[in-house]
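**Student:** These protein sequence lines map, in sequence, to chains A and B. Heads up: the first sequence at position 274 corresponds to 278 in my numbering, and the numbers run straight through without jumps. Heads up: the second sequence at position 178 corresponds to 223 in my numbering, and the numbers run straight through without jumps.
If you are wondering where the hints come from, they were derived from the structure by calculation, not from laboratory data. We treat Cβ as the ideally placed atom computed from N, Cα and C, and that holds for glycine. Keep in mind that the hints are not guaranteed to be accurate.
[Said to hold, decoys possible] Far from chain A, some chain B residues (derived; all Cβ distances over 12 Å): (1) 61; (2) 143; (3) 159; (4) 178; (5) 241; (6) 245; (7) 256; (8) 317; (9) 329; (10) 371.
[What the hints assert, rightly or not] Result set (PhoX-like, lysine-lysine): computed pairs, CA atoms no more than 25 Å apart in a straight line: (11) A:39 - B:352; (12) B:316 - B:143; (13) B:327 - B:142; (14) B:353 - B:143; (15) B:58 - A:127; (16) A:39 - A:261; (17) B:352 - B:316; (18) A:127 - B:142; (19) B:327 - B:58; (20) B:327 - B:316; (21) A:67 - B:218; (22) A:56 - A:176.
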Amino acid sequence: MPENHPHTQTAHTDRELTFAQAIREALAEEMRRDKTVCIMGEDVAEAGTPFKVLSGLLEEFGKDRVLDTPISEAGFTGLAVGAAMTGMRPVVDIMFGDFITLTMDQMVNQAAKVHYMSGGKWKVPMVMRTTMGATRRSAAQHSQSLHAWFCHVPGLKVVLPSTPYDAKGLLKAAIRDENPVIFFEDKMMYKLKGSVPADDYTVPLGVADIKRVGEDITLVATSSMVQVALGAATMLEEIGVSAEVVDPRTMWPLDEKTLVESAKKTSRAIVLDEGYERYGVTAELASVIATGAFYDLDAPVKRMGAMHVPIPFSPPLEDVTVPTEETVFEAARALCGR
Amino acid sequence: MTTATQPKEASEKVDLWLRMYRQMVAIRQFEAQVNELYTRALMPGLAHLYIGEEAVAVGVCEALEPTDYITSTHRGHGHCLAKGASPDRMFAELLGKKAGYCKGKGGSMHIADPATGNLGANAIVCGSAGIATGAAFSARCLGTGQVSVCFFGEGALGQGVLYEEMNLAQLFKLPVIYVCENNLYTEYTHYTETTAGDILARATAFGLQAASVDGQDVRAVHANMQRLVDRARRGDGPGFLLCNTYRYHGHHVGDINREYYRSKQEEQTWKTERDPIANFGKWLIEQNLADAPVLAQVQAELESEMKKAVEFAIAAPYPTVDEVNEDVYA
Numbered sequence: 005m006p007e008n009h010p011h012t013q014t015a016h017t018d019r020e021l022t023f024a025q026a027i028r029e030a031l032a033e034e035m036r037r038d039k040t041v042c043i044m045g046e047d048v049a050e051a052g053t054p055f056k057v058l059s060g061l062l063e064e065f066g067k068d069r070v071l072d073t074p075i076s077e078a079g080f081t082g083l084a085v086g087a088a089m090t091g092m093r094p095v096v097d098i099m100f101g102d103f104i105t106l107t108m109d110q111m112v113n114q115a116a117k118v119h120y121m122s123g124g125k126w127k128v129p130m131v132m133r134t135t136m137g138a139t140r141r142s143a144a145q146h147s148q149s150l151h152a153w154f155c156h157v158p159g160l161k162v163v164l165p166s167t168p169y170d171a172k173g174l175l176k177a178a179i180r181d182e183n184p185v186i187f188f189e190d191k192m193m194y195k196l197k198g199s200v201p202a203d204d205y206t207v208p209l210g211v212a213d214i215k216r217v218g219e220d221i222t223l224v225a226t227s228s229m230v231q232v233a234l235g236a237a238t239m240l241e242e243i244g245v246s247a248e249v250v251d252p253r254t255m256w257p258l259d260e261k262t263l264v265e266s267a268k269k270t271s272r273a274i275v276l277d278e279g280y281e282r283y284g285v286t287a288e289l290a291s292v293i294a295t296g297a298f299y300d301l302d303a304p305v306k307r308m309g310a311m312h313v314p315i316p317f318s319p320p321l322e323d324v325t326v327p328t329e330e331t332v333f334e335a336a337r338a339l340c341g342r
Numbered sequence: 046m047t048t049a050t051q052p053k054e055a056s057e058k059v060d061l062w063l064r065m066y067r068q069m070v071a072i073r074q075f076e077a078q079v080n081e082l083y084t085r086a087l088m089p090g091l092a093h094l095y096i097g098e099e100a101v102a103v104g105v106c107e108a109l110e111p112t113d114y115i116t117s118t119h120r121g122h123g124h125c126l127a128k129g130a131s132p133d134r135m136f137a138e139l140l141g142k143k144a145g146y147c148k149g150k151g152g153s154m155h156i157a158d159p160a161t162g163n164l165g166a167n168a169i170v171c172g173s174a175g176i177a178t179g180a181a182f183s184a185r186c187l188g189t190g191q192v193s194v195c196f197f198g199e200g201a202l203g204q205g206v207l208y209e210e211m212n213l214a215q216l217f218k219l220p221v222i223y224v225c226e227n228n229l230y231t232e233y234t235h236y237t238e239t240t241a242g243d244i245l246a247r248a249t250a251f252g253l254q255a256a257s258v259d260g261q262d263v264r265a266v267h268a269n270m271q272r273l274v275d276r277a278r279r280g281d282g283p284g285f286l287l288c289n290t291y292r293y294h295g296h297h298v299g300d301i302n303r304e305y306y307r308s309k310q311e312e313q314t315w316k317t318e319r320d321p322i323a324n325f326g327k328w329l330i331e332q333n334l335a336d337a338p339v340l341a342q343v344q345a346e347l348e349s350e351m352k353k354a355v356e357f358a359i360a361a362p363y364p365t366v367d368e369v370n371e372d373v374y375a
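Required output: the full structure, derived from the provided sequences and hints.
**Tutor:** This is the structure we're talking about:
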């Protein structure tokens, strides 16, 4: 088991980057290190994506390695699968996570299965970067968090970074991985700042991180829900409840041990994720904890995810669809009998 | 100037033609054994036979270098053999044996072999258009000079991703050739019921160099393919080859009663008048390039070779159950 990276909030360096800058730095470093790494997607070159995550990469690496594609998600994702099989390490950019629907055959029937179907002969070292997250007032087709779909498919790895430090280290690890990796970035976090070392480091896939140590309840949270959980933990502190925040960082491979050990220690757990709660990753994570920590739990594991509705446009409607610091605080308080 | 080289060129051509004849017979004999395995209930699942279409795979693959890439289809045994796969390991794969090309994990529809540039047969119709295009992208990025070929049936013309890939291939000037095998039937439906407009126009609309060819004439397939391959290898961009052909058997081995979608008379006409192997053999004899006993000898040799390959596969062990979890991740 690779060494854990506890408390990524703790400064390894004084240098601060935004989440978007950390991703850009990871890509630039890997592209300098390995000439087979290339980027393709819609408006990735001159525009640097609508979120400006990739700004400057075209200038350094040129249009042969930062490729603007037509609006053909299936087309360029499929192309990336073939390129990955034959010596390249493509990083495809799917602008909004909602558009992964258009890539599903390429990812699920091709990328995920090539290695197994060929008896281990071909491999697909590619990364798909895409976004997730609601509350941006973008309505039902630009706001979903659909990472659970990929978690369901053997052959794929799924990464959900929650801090700039993790984003850089996990993306570098994903690019170096020999398998198809889907990397979900919450678009509401692109401006989040955090400590990011300038040096070459990776965060191994499959190692959870304890973002906050606590004694009374475990909050397992993914992506932007980590920030929500940390906010709720601060509120809980004020009423005398000590919450531990555990970030699995990768949905698959999944660090089951760290989740279970934390729940055993605190005896209570809430699992938070911005994907749909029904049949979502919270169900899997809760099941892991319920099974692994059964004899140590003092309450049923609670799940909190997105409501089972298409994400509405109207702000008061949209805001109630996903967990917030307040709703998590209330749920944790109830679970602890306070 | 040309007189001195003509005999050499002619003899090289003869070698090529005899090799193509042999390859076509190999595919037919292989498929005959597959049908036999199915009817004797020795093969798990089904298979989609290539009999009748041999000239396409052979004409195309003989225009390629061993290092060039292909992607294949659910009706893929012919492509894999024409690209250099060994019948014994193919049969082993069809029977789910460990000695198969994919350790028995792929089966008939997923034969893949890096050693012969075979990126894999694909059971999603048009599923490999992206993979073939991506392999051409790698060849261009890495400067390897390789060409990539995407085989697909006319049923794939209904899939939107094909047009996305052709657009990308032309925009990036990729060395990829899309080979459409029109065997007239999209499963159990005549292609004219599912295909509007002109097939070639779908490729030329993107600026691809496109040609239509008699897919029962191996020399015509090969000559047209060679032009598209040479052009792609030079960096002049992608091509599209429409091969008009016919499958003698059903959509799969179990598709026995076909009268509801095509007549026995139609099948008979293709078999007696348009057979790619018989007609090519006749031409070789007419040109004094081979005689009937030599061709009969080829048939006999390959029949015997395929029977041995089947025996190898039947005797080969299955994978052990603990292998089920292997190769999920690299």
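**Student:** Each hint: holds or not?
**Tutor:** Right, here's what the structure says about each hint:
The claim that residue 61 (chain B) is not at the interface with chain A holds, since no C-beta of that chain comes within 12 Å of its own (minimum 27 Å). Chain A draws residue 143 (chain B) into its interface by the beta-carbon criterion, the shortest separation being 9 Å against a cut-off of 12 Å. At roughly 5 Å from the closest C-beta of chain A, the C-beta of residue 159 (chain B) falls inside 12 Å, breaking its exclusion from the interface. For residue 178 (chain B), the requirement that its beta carbon stay farther than 12 Å from each beta carbon of chain A is not met, with the minimum near 5 Å.
Against chain A, the non-interface label of residue 241 (chain B) holds: every CB pair exceeds 12 Å, the least being about 21 Å. With a cut of 12 Å on Cβ distances, residue 245 (chain B) stays outside the contact zone with chain A, its closest approach being about 21 Å. Consistency note on residue 256 (chain B): stated as away from chain A, and its beta-carbon is indeed over 12 Å from all of that chain's, at 23 Å minimum. No Cβ of chain A approaches the Cβ of residue 317 (chain B) within 12 Å, the least distance being about 39 Å, so the stated non-interface status holds.
Its beta-carbon lying about 37 Å from the closest one in chain A, residue 329 (chain B) satisfies the requirement of being farther than 12 Å from that chain. Its beta-carbon lying about 7 Å from the closest one in chain A, residue 371 (chain B) breaks the requirement of being farther than 12 Å from that chain. A hinted pair counts as satisfied when its Cα atoms are at most 25 Å apart, and residue 39 (chain A) with residue 352 (chain B) does not qualify at roughly 48 Å. In summary, the hint linking residue 316 (chain B) to residue 143 (chain B) is not supported, as the alpha carbons are separated by about 36 Å, beyond the 25 Å threshold.
A distance of roughly 39 Å separates the Cα atoms of residue 327 (chain B) and residue 142 (chain B); the hinted pair therefore is violated under the 25 Å criterion. With a C-alpha separation of about 18 Å, the suggested pair residue 353 (chain B) and residue 143 (chain B) falls inside the 25 Å cut-off, and the hint holds. Note on residue 58 (chain B) and residue 127 (chain A): the hinted pairing is violated, with a Cα-Cα distance of about 38 Å set against a maximum of 25 Å. At most 25 Å may separate the alpha-carbon atoms for a hinted pair to count; residue 39 (chain A) and residue 261 (chain A) exceed this at roughly 37 Å.
For the suggested pair residue 352 (chain B) and residue 316 (chain B), the alpha carbons sit about 24 Å apart, so the restraint of at most 25 Å is met. The suggested pairing of residue 127 (chain A) with residue 142 (chain B) holds, with an alpha-carbon distance near 21 Å, which does not exceed 25 Å. Distance hint between residue 327 (chain B) and residue 58 (chain B) is fulfilled; the C-alpha atoms sit about 17 Å from each other, no more than 25 Å. As the CA atoms of residue 327 (chain B) and residue 316 (chain B) are separated by approximately 14 Å, the hinted pair is consistent with the 25 Å bound.
Proximity of residue 67 (chain A) to residue 218 (chain B) is assessed by CA-CA distance (about 14 Å); at most 25 Å being required, the pair is judged to hold. For the suggested pair residue 56 (chain A) and residue 176 (chain A), the alpha carbons sit about 19 Å apart, so the restraint of at most 25 Å is met.
The structure fails to meet hints 2, 3, 4, 10, 11, 12, 13, 15, 16 from the earlier list, while all remaining hints are met.
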